[in-house]
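Residue numbers (this note's numbering), protein chains in the order written: chain A, 6 to 365; chain B, 234 to 559.
Be aware that one or more of the hints could be misleading.
Quick list of in silico lysine-lysine cross-link-like pairs, BS3-like style, CA-CA up to 27 Å [claimed, not checked]: (1) A/K66 to A/K330; (2) A/K330 to A/K46; (3) A/K154 to B/K448; (4) B/K486 to B/K448; (5) A/K157 to B/K309; (6) A/K25 to A/K282; (7) B/K486 to A/K154; (8) B/K280 to A/K157; (9) A/K173 to A/K157; (10) A/K57 to A/K330; (11) A/K57 to A/K157; (12) A/K25 to A/K279.
These are calculated hints, taken from the structure and not from any lab test.
Spelled out, the chains give:
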Amino acid sequence: MSIVASFEIEYLQYLDAAGKLVRDDVPAFARDVRQLVELYKLMTFTRVFDGKAIALQRTGKLGTYASCLGMEAAYVAIGSAMTEDDVFAPFYRDYGAQFYRGVKAREVLMYWGGDERGNNFSGPAHDFAWSVPIATQTLHAAGAALAFKIRKEPRVAVSTVGDGGTSKADFYAAINAAGAMTLPAVFVIINNQYAISTPRSMQTGAKTLAQKGIAAGIESVQVDGNDLIAMRVALEHAIKRARHGHGASLIEAITYRLSDHTTADDARRYRDEKEVKAAWENEPIRRLRAYLAGMNAWSDEDERALQDDCATRVDVEVNAYLETKPQGIAAMFDHTYAELPLDLERQRAAAISTRARQGE
Amino acid sequence: MPQISLIEGVTMALAYEMARDPSVVVLGEDVGLNGGVFRATVGLQQKFGAERVIDTPLDEAMIAGLTVGLAVQGMKPVAEAQFEGFMYPMIDQIASHAARMRTRTRGRLTCPAVFRAPWGGGIHAPEHHSEAIEALFTNIAGLRVVLASSPGRAYGLLLAAIRDPDPVIFFEPKRIYRQYKEEVADDGEALPLDVCFVLREGSDVTLVTWGAQVKETLEAADALAADGVRAEVIDVATLKPLDFDTIHESVRKTHRCVIVHEAPYTGGFGGEIAARLVEHALYDLHAPVERVAGYDVPMPLYQLEMNYLPGSARIVAAAKRALAAG
């Protein structure tokens, strides 16, 4: 026997859980304190928002909500590494990336509050909306990347998928197509260790999720997803390769879902408190804060001011959401087709007159 | 004017629209160099290049997902499924994304895509190659579902489908792909979607159908004419959204209606038309509505397929029952 091909998966980390550098080759942006502080602020805003959204759900002011607690570094890194012209195809807890791209917190609340207008958001108009069917969005990113390739535009499509999503045929098909067609796409696995109750170990016999990209023929790496610097470096590299015609990449971001799957879930049923406690020791915001403090770029006073500022800004968003007038009944008809077919026009009229007769 | 078959109408429409609109791309398995297994895309790759006539890896769900991504990002993709029986894996992308893209983003994103496939039985094909699955799509809100049944309508309706700003499922009855030719001008004139076509006027009974059964139904009308019965024949063409008014107008005149389709009887789209007749035209009817459909069995392999498909004899018998009643 002889070896016809051999592969390996590299692991990338810059900051350990205590916020200490583990490598010497620190990228320029990580020495730029002002930029790091801005990203730290957005991670914190995302977390404050997340807590508030859960509170709104618990008090009956929001529908089921999917939390992003513990995954803020991975998402903010994605947002910060993309350009506005690039296209983002997210799943449904990707707020940190979307906030960076201009989506408003009130729009996230509108979507989970049962209002489609949340999907008509303020971020780049070409970005995809939240995708709820698992992993289907990875194919949209591949399709978007194919459009860029056909039109010879220097743009990149970035998609996220959970660890559970990597079991789906859509994910395999997307990375396979991206490899076969040399597409400008970047796929980021948010490996938060759980697909609702199913642990990562039950999703696959593969040692890493990153290695799935090897079968697709695309560059694949595993990254500490709680390390903002490592995530940003991996994404910048992958996006640059894609933009210059060198094809797609797969990034497995190792993180942990510190929350329940959604507000309709209770993770205490299926995972050990000790495991969650240990994961809190590893969370992304604390380590970046420690790193910034070590560079004399962040103080307790800065932190107090930031927390107050985030709370105020989130309150503004929450109020805007709560004060948004509900859609009229016609809204569910009016965007089904570019022009309302006669058949639907009649149904629309009937729905409106029924409502009118009920005196509402 | 060229004399062309139905499948040549498909090719001609694709070529016309690709030349007119650079955002139109064709993708699917074997559609490029090979020109498609039925030859629907023959010559297109030579004419428009491999970047616009794209041979994809073999996965229908992937083709559908790429199509959604392309359409949302400003292209006009025409995706081919080699046979309608391989479209089942596409349904998630079509129902969960293509059909609802516009409304769930309140108009911010749209999905102007065509998903086309050879459709139906009657060519002695292997298993899974002869299905009539249109009703799986007519219950998905946000789609258009179109069946071409002549060379001219294949050309005009496919042009309309590609130009339509919303997703269209476009079925081509493979049994009549090459059954006959007719003169069709390659003038880029689209036919209207969302309307039925009255193919033959008559005052005694309305025969409503689509797909390959259009030809069977026209033959049935000829047979009925020999017995002095004047049958009106309607090709529904666009099942969704349904132009019920044209059917209703005909039934107001004939007072009798026979609905013909290949798909299984229960839950077939004939049930929708019959239900609307009951809702809106009950007092115009002088006889119960008749349905001539496939049976509620999986499409048999080819030895028995002609016993499954409706055919003109069953249509004539149903029309005579309708005429004898009331």
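Compare the distance between the alpha carbons of A/K25 and A/K282 with 27 Å, and conclude whether the hinted pair is satisfied. holds (21 Å)
Does A/K330 lie within 27 Å of A/K57 when you go C-alpha to C-alpha? Holds: A/K57 and A/K330 sit about 21 Å apart, inside 27 Å.
Starting from A/K330, check that the Cα of A/K46 is at most 27 Å away, please. Status violated; Cα separation ~31 Å.
Hinted pair A/K173 and A/K157, Cα distance within 27 Å: violated (30 Å)
Holds or violated: B/K486 with A/K154, Cα cutoff 27 Å? violated (56 Å)
Do the alpha carbons of B/K280 and A/K157 lie within 27 Å of each other, as the hint requires? holds (19 Å)
Given pair status - A/K330, A/K66, alpha carbons within 27 Å: holds (14 Å)
Given the hint that A/K154 pairs with B/K448, does the C-alpha gap stay at or below 27 Å? violated (43 Å)
27 Å Cα cutoff - pair A/K57, A/K157: violated (43 Å)
Take the C-alpha atoms of A/K157 and B/K309, compute the straight-line distance between them, and say whether it is at most 27 Å. holds (16 Å)
B/K486 and B/K448: Cα distance at most 27 Å? holds (23 Å)
For A/K25 and A/K279, compute the direct alpha-carbon distance and say whether it is at most 27 Å. Holds - the C-alpha atoms of A/K279 and A/K25 are around 24 Å apart, at most 27 Å.
The structure does not agree with the numbered hints 2, 3, 7, 9, 11 stated previously, though it agrees with the rest.
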